[in-house]
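*Asks:* Letter by letter, the chains look like this.
There are 2 protein chains.
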Amino acid sequence: MDIITIGKKAKAASRLTASLKTAEKNEILLKTAEALIKNTEEILKANSTDVEKAKQSGTPGPMVDRLALNEERIEGMADGLRQIAKLPDPTGEVINMKTLPNGLVVGEKRVPMGVIGIIYEARPNVTSDAFGLCLKAGNAVILKGGSDAINSNMAIVNVFKKVIEEMGINPDIVQLIEDTSRKAATELMRFNGYVDVLIPRGGAGLINSVVMNSTVPVIETGVGNCHIYVDDSAKTDMALNILINAKTQRPGVCNAAESLLVSEKAAPEFLPAAVKALKEKNVEIRGCEKTREICKDSDIIPATEEDYGKEFQDYIISVKVVKDVDEAIAHIAKYSTDHSEAIVTESYENAMKFTNEVDSAAVYVNASTRFTDGNEFGFGAEIGISTQKLHARGPMGLKALTTTKFIIYGNGQIRK
Amino acid sequence: MDIITIGKKAKAASRLTASLKTAEKNEILLKTAEALIKNTEEILKANSTDVEKAKQSGTPGPMVDRLALNEERIEGMADGLRQIAKLPDPTGEVINMKTLPNGLVVGEKRVPMGVIGIIYEARPNVTSDAFGLCLKAGNAVILKGGSDAINSNMAIVNVFKKVIEEMGINPDIVQLIEDTSRKAATELMRFNGYVDVLIPRGGAGLINSVVMNSTVPVIETGVGNCHIYVDDSAKTDMALNILINAKTQRPGVCNAAESLLVSEKAAPEFLPAAVKALKEKNVEIRGCEKTREICKDSDIIPATEEDYGKEFQDYIISVKVVKDVDEAIAHIAKYSTDHSEAIVTESYENAMKFTNEVDSAAVYVNASTRFTDGNEFGFGAEIGISTQKLHARGPMGLKALTTTKFIIYGNGQIRK
Chain F
1 MDIITIGKKA KAASRLTASL KTAEKNEILL KTAEALIKNT EEILKANSTD
51 VEKAKQSGTP GPMVDRLALN EERIEGMADG LRQIAKLPDP TGEVINMKTL
101 PNGLVVGEKR VPMGVIGIIY EARPNVTSDA FGLCLKAGNA VILKGGSDAI
151 NSNMAIVNVF KKVIEEMGIN PDIVQLIEDT SRKAATELMR FNGYVDVLIP
201 RGGAGLINSV VMNSTVPVIE TGVGNCHIYV DDSAKTDMAL NILINAKTQR
251 PGVCNAAESL LVSEKAAPEF LPAAVKALKE KNVEIRGCEK TREICKDSDI
301 IPATEEDYGK EFQDYIISVK VVKDVDEAIA HIAKYSTDHS EAIVTESYEN
351 AMKFTNEVDS AAVYVNASTR FTDGNEFGFG AEIGISTQKL HARGPMGLKA
401 LTTTKFIIYG NGQIRK
Chain V
1 MDIITIGKKA KAASRLTASL KTAEKNEILL KTAEALIKNT EEILKANSTD
51 VEKAKQSGTP GPMVDRLALN EERIEGMADG LRQIAKLPDP TGEVINMKTL
101 PNGLVVGEKR VPMGVIGIIY EARPNVTSDA FGLCLKAGNA VILKGGSDAI
151 NSNMAIVNVF KKVIEEMGIN PDIVQLIEDT SRKAATELMR FNGYVDVLIP
201 RGGAGLINSV VMNSTVPVIE TGVGNCHIYV DDSAKTDMAL NILINAKTQR
251 PGVCNAAESL LVSEKAAPEF LPAAVKALKE KNVEIRGCEK TREICKDSDI
301 IPATEEDYGK EFQDYIISVK VVKDVDEAIA HIAKYSTDHS EAIVTESYEN
351 AMKFTNEVDS AAVYVNASTR FTDGNEFGFG AEIGISTQKL HARGPMGLKA
401 LTTTKFIIYG NGQIRK
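Residue numbers (my numbering), protein chains in the order written: chain F, 1 to 416; chain V, 1 to 416.
Just so you know, these hints were derived from the structure itself, not from any lab. It is possible that some hints are incorrect.
Intra- or inter-copy, both count: the list cannot distinguish identical chains.
Using 25 Å as the maximum straight-line C-alpha spacing, the simulated BS3-like pairs for lysine-lysine come out as follows [said to hold, decoys possible]:
1) K162 to K8
2) K310 to K11
3) K9 to K161
4) K353 to K399
5) K405 to K9
6) K98 to K353
7) K334 to K405
Construct the complete structure from the given sequences, taking the supplied hints into account.
*Replies:* Next comes the structure, spelled out in structure tokens:
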């Protein structure tokens with residue numbers, strides 16, 4: 001099916017999803033979850049085709065692992081849908097309703113966005129998550145997964161569509177673009193009037209391509225060059241704990257730390273301990289001149305300008321000694337992707353300064369950046385983490401998949 | 001100055017504007033207002049150059065009128081800045097602050113957007129309004145006005161910069177792009193990383209060009225193909241009042257009605273009265289077959305498909321007889337620009353249906369669409385009216401020029 005047809009069908013289906021009652025949406029979520037389990041065999045079969053193809057084309061191991069499904073992962077997808085069914089429906093609330101001097105009653109009603117496009121890479125579980133979250137917020141969804149996972153994605157979406165159709169509901173509420181060409185992706189990105197928002201989920205290359213090529217509004221997600229700044233007064237143990245957690249607890253994710261900044265007062269005591277702890281976790285250290293001088297026995301690689309701007313997503317960290325909190329804030333302003341940054345300090349003044357002046361989606365005092373996550377923040381689930389300032393910033397829950405409209409009740413008012 | 005330099009200066013200045021206290025921002029607003037009045041002569045001189053040039057190149061009268069300043073209009077600009085000084089500062093509030101089970105305290109703080117770009121056409125008063133609103137919300141602003149108004153805009157911005165510099169504040173908080181070429185506009189539209197959001201203000205051509213060419217996030221504003229639907233049970237007098245107000249009180253603006261829908265039950269009584277009232281106001285009527293049949297003595301022009309989708313911004317209206325509220329909603333879904341629509345009805349059921357199902361920024365029951373306006377809705381002032389669903393929808397006040405960031409206070413928490 002061509003993209004134009006998919007877009008038009010989605011637009012029509014979005015009127016239906018917007019009108020579904022919460023109970024009806026939850027029923028779809030529970031039935032699709034059940035169907036995933038029932039059709040495990042079929043989905044695994046399709047997935048094994050993708051996995052075989054990936055292996056044969058020499059795809060790196062971690063990528064193949066992201067792609068691979070098994071019974072447990074399908075259980076996980078089904079469980080995700082059941083969790084979404086339990087979340088409160090974000091639509092329908094009316095806020096700021098008030099009566100104007102002329103008697104007009106004006107309020108802002110939270111409503112679905114309409115049609116949401118998701119462009120993503122190898123993980124087939126995004127297919128299920130994105131469908132569930134978009135539907136719960138009352139939207140129709142167009143999915144465009146990576147070519148690596150096409151058979152898996154088709155199998156999953158077919159399972160969904162069959163159940164939805166059996167329930168007597170238009171299955172166009174979820175559509176997968178089966179054409180995995182770049183042309184199809186570009187068409188989706190320029191489908192103004194049919195797609196209300198595009199959310200890319202994946203690596204920096206994918207996200208950048210969507211941002212640079214879309215005319216449809218985009219929510220930029222995910223790239224995280226996150227900093228830990230250890231201030232003069234930081235407690236060494238706390239700072240070490242936070243650093244090691246932020247860097248090594250799960251280095252491949254966007255809220256992992258990529259860069260350590262240490263104040264010059266704290267450096268002589270803190271840096272040798274930090275380097276030792278990082279080395280024990282097999283983290284490669286790329287340090288500034290001063291770092292290398294302080295830890296001269298540790299054989300630290302010199303950091304390049306490029307290293308400071310990099311999201312390694314690996315056991316690598318850049319380290320820089322800065323004069324004070326002001327220089328740390330300036331360094332972050334220059335190199336950060338504005339995702340998550342933390343200060344470790346016992347100074348009230350510097351804690352306030354850091355939270356006020358650092359312009360990132362999540363700014364921490366004395367805690368690991370790894371908490372920037374919809375589940376951790378209590379949203380129940382997330383569609384991604386926005387690093388842009390428009391519409392949603394930081395972890396995006398169901399509310400980020402909605403918009404508002406003004407509703408106005410009058411009794412004949414006209415403007416003078 | 002080249003666009004890159006302007007962008008970098010704006011980015012740097014946005015750290016300053018974000019740190020200004022409300023009282024400091026208000027002082028700038030009041031002093032720049034005063035300076036506009038003091039420099040009236042200089043501004044009018046620059047404006048007369050623009051006006052002369054426009055007249056010589058055969059610019060239509062209404063366009064020249066938009067461009068022309070006089071003492072009263074400059075007073076109006078100054079007064080606008082003083083009004084903005086009186087509005088509450090939208091930044092600094094922290095919402096949804098809560099303590100997570102692990103003791104982390106998480107809240108969302110409202111903060112400035114950063115750098116806002118405004119691309120606009122002939123009205124020099126936008127220069128002053130946009131500067132005032134962006135500054136009050138803590139942002140640096142880059143202005144790109146039309147070439148028609150370049151001398152006026154330069155004079156106004158120079159007045160601002162001089163006062164700001166005299167106050168000891170970096171005048172880069174407001175910058176005008178003096179290069180009026182298309183190339184300069186395109187560079188601004190693709191200046192990701194330096195411009196956080198672009199807001200176009202002007203006609204459909206300008207807005208479409210910004211939407212289709214920007215890689216920077218855009219808030220789409222303003223084009224309004226607004227509908228009035230007269231339902232079976234509408235009170236004729238109320239419907240006539242609303243129709244005439246929405247169409248003729250100020251036909252050149254985006255919240256004016258462009259299309260009248262009438263239910264087939266209401267049509268025989270309502271349409272002849274409506275046509276008479278519209279004709280008295282010199283409104284040209286382009287009607288469907290049924291409209292022409294019912295009002296066959298009135299010499300109504302046949303409506304084309306194109307007419308239904310058009311924002312006339314003039315004394316012209318399209319008229320269509322529809323079966324019922326469902327057909328009205330479907331017609332609106334097909335042709336509307338999703339700005340403002342109104343139903344006139346005494347039916348509770350149809351009023352609820354219309355407000356639920358019409359997917360526009362403002363949906364009215366028994367009132368004129370002309371109320372879709374920041375001042376009317378009690379925002380004090382507006383930067384534009386968003387017709388997109390991301391970030392802001394409908395009239396945008398100061399809050400639409402801000403974003404939020406998560407601030408998290410811990411005492412050593414790490415993720416398990």
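*Asks:* For every hint, state whether the structure bears it out.
*Replies:* Hints versus structure:
no., hint, in the structure
1, K162 to K8, "within (20 Å within a copy, 53 Å between copies)"
2, K310 to K11, "between (39 Å within a copy, 21 Å between copies)"
3, K9 to K161, "within (14 Å within a copy, 52 Å between copies)"
4, K353 to K399, "between (30 Å within a copy, 23 Å between copies)"
5, K405 to K9, "within (23 Å within a copy, 36 Å between copies)"
6, K98 to K353, "between (37 Å within a copy, 21 Å between copies)"
7, K334 to K405, "between (37 Å within a copy, 18 Å between copies)"
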